[in-house]
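One line per chain: the protein sequences are C and S, in this order. In terms of my numbering, the first sequence has 464 at position 464, counting the first letter as 1, and numbering is strictly consecutive. In terms of my numbering, the second sequence has 1296 at position 296, counting the first letter as 1, and numbering is strictly consecutive.
Treat the hints with care, as some may be off.
[Said to hold, decoys possible] Listed below are the simulated DSS-like cross-link pairs for lysine-lysine, each with C-alpha atoms no more than 25 angstroms apart in a straight line: (1) S:K1468 x C:K59; (2) S:K1468 x C:K487; (3) S:K1492 x C:K492; (4) C:K124 x C:K59; (5) S:K1238 x S:K1167; (6) S:K1492 x C:K468; (7) S:K1246 x S:K1210; (8) C:K493 x S:K1468; (9) C:K487 x S:K1059; (10) S:K1059 x C:K468.
No lab work stands behind these hints: they were computed from the structure. All of these numbers come straight from a predicted model, not from anything done at the bench.
Number of protein chains: 2
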Amino acid sequence: MEERVKCKSLHSKITSAKEAAGMIKSGMTLGTSGFTPTGYPKAVPEALVKMVEKEEDFKINLYTGASVGQSLDGIFAEAGIISKRMPYQTNNSMRKALNSCDVHYADIHLSHFSQQIRYGFYGKIDVALVEAAQITEEGYIVPTTSIGASPVFCSEAEHIIVEINTKKPLELCGIHDIYQPEDPPNRQPIPLVNPVDRIGKPYIEVDPSKIKAIVITDLEDDPIGFAPVDENSRQIAKNLIGFFEKEVEVGRLPEKLLPLQSGVGSVANAVLKGISDSRFKDLIFYSEVIQDNVLDLLDEGTFKFASGTSLTLSPEGFQRFYQNFDEYRSKVLLRPMEISNNPEVIRRIGSIAMNTAIEADIFGNVNSTHIMGSKMMNGIGGSGDFTRASYLSIFTTPSIAKNGDISSIVPMVSHVDHTEHDVNIIVTEQGLADLRGLSPVQRAEAIIENCAHPDYQKPLEEYLNKAKEGSCHTPHTLGDSLSWHEKFVQTKKMR
Amino acid sequence: MEERVKCKSLHSKITSAKEAAGMIKSGMTLGTSGFTPTGYPKAVPEALVKMVEKEEDFKINLYTGASVGQSLDGIFAEAGIISKRMPYQTNNSMRKALNSCDVHYADIHLSHFSQQIRYGFYGKIDVALVEAAQITEEGYIVPTTSIGASPVFCSEAEHIIVEINTKKPLELCGIHDIYQPEDPPNRQPIPLVNPVDRIGKPYIEVDPSKIKAIVITDLEDDPIGFAPVDENSRQIAKNLIGFFEKEVEVGRLPEKLLPLQSGVGSVANAVLKGISDSRFKDLIFYSEVIQDNVLDLLDEGTFKFASGTSLTLSPEGFQRFYQNFDEYRSKVLLRPMEISNNPEVIRRIGSIAMNTAIEADIFGNVNSTHIMGSKMMNGIGGSGDFTRASYLSIFTTPSIAKNGDISSIVPMVSHVDHTEHDVNIIVTEQGLADLRGLSPVQRAEAIIENCAHPDYQKPLEEYLNKAKEGSCHTPHTLGDSLSWHEKFVQTKKMR
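Same shape as in the complex, but just chain C:
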């Protein structure tokens, strides 16, 4: 215990999860640690749900870094105790709750969220609830496997509850680099120039008197799945790597590329595998989420450094990480999401942003969030931060979904998260469309020819040709533009 809570004056705050949960009252806003289902609090949420089981009308707002696990988002949503949820989620029960409008969900660019909490846009944070590996002698908090928005929750909250998780080894101390910018008009340049730079402290500096409860727990994060790589994903990766090679050849990318950002999922995993198999070496990974495959690329020398805001490893991945910590210590860094996703930094270092689209339209607009225009899938997460500020913005998607009943390339996307102004490259297993400097009609021709599935090429061409009769910059026949989605809603088939 002395090792985990080094600040002696805080020993008196060690208490039960139930006691700590009692500090969270209906109407409060709770800001928790967690980014992807790792590093989020579990003991106090479980106790809170038990405590308010029979309490009607108990409602709180839940703000997190990004997605958190079933044992936080899931049980809160199932208990019906959430009023407002921000800024991102991926949980089945939470998704159901927000799509039935039982939960008010605001889907926010992750880089905006922390500063807008400080600006007071989202009200007061009553309680910060953060998982920690350690509390230092000074009473400062060392996070565990993710940082997310914990620094801002701790600085802005009235009270702090800490869950010390003894399953998270003390080796994690030192892997974090915590920096919080000042707010305008006093903000200074963020001094991160090279992705490997350390610019902050290895802990979250807090006023220790705000720490009202410390709960000791050994609850595990929900196990993290790793999306398998299928043949389509492999082909998407191949198309993309071929493009990188060509860009290097013509001098638009350096031989060591530029810092890579990658989403998660099957295609993202395939792309990293493709890079691993390519001639590229000594690359930098500057992204949000560090998964098992990033360790592979670090081990083999494809990557020389990885910066993120969460370590989202499988149990085997964590074992490997902790066993070889001496080696990884100098190659892996976790930052607050306000820094990992900061457009100032991303634009400066010149990220190559690689994110997945739910669908893209022939003019290059991308939908990352909504199924058939209405149903929220997860949220925009960091894809907008990276896409807009990147050196090169890339979206990947298989050309079809649901065995071909859905075309991922459509006349008009049913929801826009990334506009035609922001999307440089679209890649499917069919090929790659380079949209840079093209007019809308030229983009449409490139996307239909290179990205659309053969079964949908002709219908897309017909749509474009009919719309072109109107003689406009972005040809659309408004009555037909969303008809594919409409047909799918009615018949479960776009064709």
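With chain C held as given, fit chain S onto it using these hints.
Positioned in the frame of chain C, the structure of chain S alone reads:
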């Protein structure tokens, strides 16, 4: 002449517009000065159009800072000599040409354009053609009344043609602050911390040997109109100023606000007039375009400093500016658009971004560019740069257009330039909707109640209520979502 072309070795380059125009060959890409119709070249374009009158298939690409005047965009479009046009325009003839797809127009975030030229995304710049007040002893170029993208054109172009415009007084020397960032992976923080900071040089540093022709001219810029303020605009301004006062009261904005960015046009002018009439003093204007009304606000002390990339004054405004230059010299600064619009700087200083929407939908998405989803009006310009990176993003629009035949608040915008993730505040003459932290349905309720015209409130409510039966995060009935626009295209009335 010695005063205007101080570099003696360049005197031999002084030549006629016709001679200079002869250096521009079909297939070339021309990068010119100009941002809003001011500070763009006029003599060489006129000579070029004359020269190629009878030449069939003469086509060039025209890249500029932003919009330029009739005597460049207009005559080139009318002569049919443009193949590709980037990144922004406002000219009638050019608009017609790009909407008939005779010109390939790529509508680009202005802050992206300069760096993407350097990255090589848009091909080689063959000739930079820039209007200058002076060439220094070293052979460096002092721009005139706008900077735009001239620095990057000069650094990247193979050849440079300079139009020395003797109608632009030498007093302009010193008003420019030219800084060009390095490209990744070598980029450093942009050292602009306070909007008044000077971080560069008062001229564009060029390799003088690239200057192949110098043309002396006294052609005037096209006269600049100043949009009159109508009653609706005044009411929009009133709603917005009331909001600022409330934000100051609750502590979310400082008493001197934060640096203001403002688009141009009737509503923008009304807002500046409203600020002038308010209690706010000593404000900073950090924007793109400095118009006559900015001088008013500087004179009276409402503004203490104005930074932009163009001086877009009326003839009387220029007279006043030059006559009182000693006073304005310390209060007005022009920067390259890569800096005036730089998200790094905008986010750091915490801009209040105020831009006009063509239409907004009930969920907070904004269309800034396309009439009825297809016809390009002008382009996104800098609105995306400021909106995304701002402290607070605001869109203004009258609630109706065409005497009420068009509602500016619609179920779904027909084109998205600013997504629901990016829009904080929408203001019409009816009222103001504060969308911060709201879910889509809450946003819809706020926008319909506060911003929609009474004649359209009920139809919007009906749309929302019907769509809500589908029980989804962002309720839409896809078959109806664009039906208002469709009806307008067919009947010239949305109702």
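Do the hints match the structure? See the list:
For the proposed pair K1468 (chain S) and K59 (chain C), the alpha carbon gap of about 23 angstroms is at most 25 angstroms, so the pair holds. With a CA separation close to 19 angstroms, the supplied pair K1468 (chain S) and K487 (chain C) stays within the 25 angstroms bound. Under the criterion of a C-alpha separation no larger than 25 angstroms, the hint pairing K1492 (chain S) with K492 (chain C) is inconsistent with the structure, at around 34 angstroms. Proximity of K124 (chain C) to K59 (chain C) is assessed by CA-CA distance (about 15 angstroms); at most 25 angstroms being required, the pair is judged to hold.
Distance restraint check for K1238 (chain S) and K1167 (chain S): the Cα-Cα separation of roughly 39 angstroms exceeds the 25 angstroms cut-off, and the hinted pair is therefore not satisfied. The hinted pair formed by K1492 (chain S) and K468 (chain C) meets the criterion: a straight-line CA distance of about 20 angstroms does not exceed 25 angstroms. Taking the CA atoms of K1246 (chain S) and K1210 (chain S), the gap is about 55 angstroms. The hint is violated against a cut of 25 angstroms. Among the hinted pairs, K493 (chain C) with K1468 (chain S) is consistent with the structure: their alpha-carbon atoms are about 23 angstroms apart, no more than 25 angstroms.
A threshold of 25 angstroms between alpha carbons decides the hint, and for K487 (chain C) with K1059 (chain S) the separation of about 44 angstroms lies outside it, so the pair is violated. Between the alpha carbons of K1059 (chain S) and K468 (chain C) the distance comes to roughly 23 angstroms, so the proposed pair stays at or under 25 angstroms and holds.
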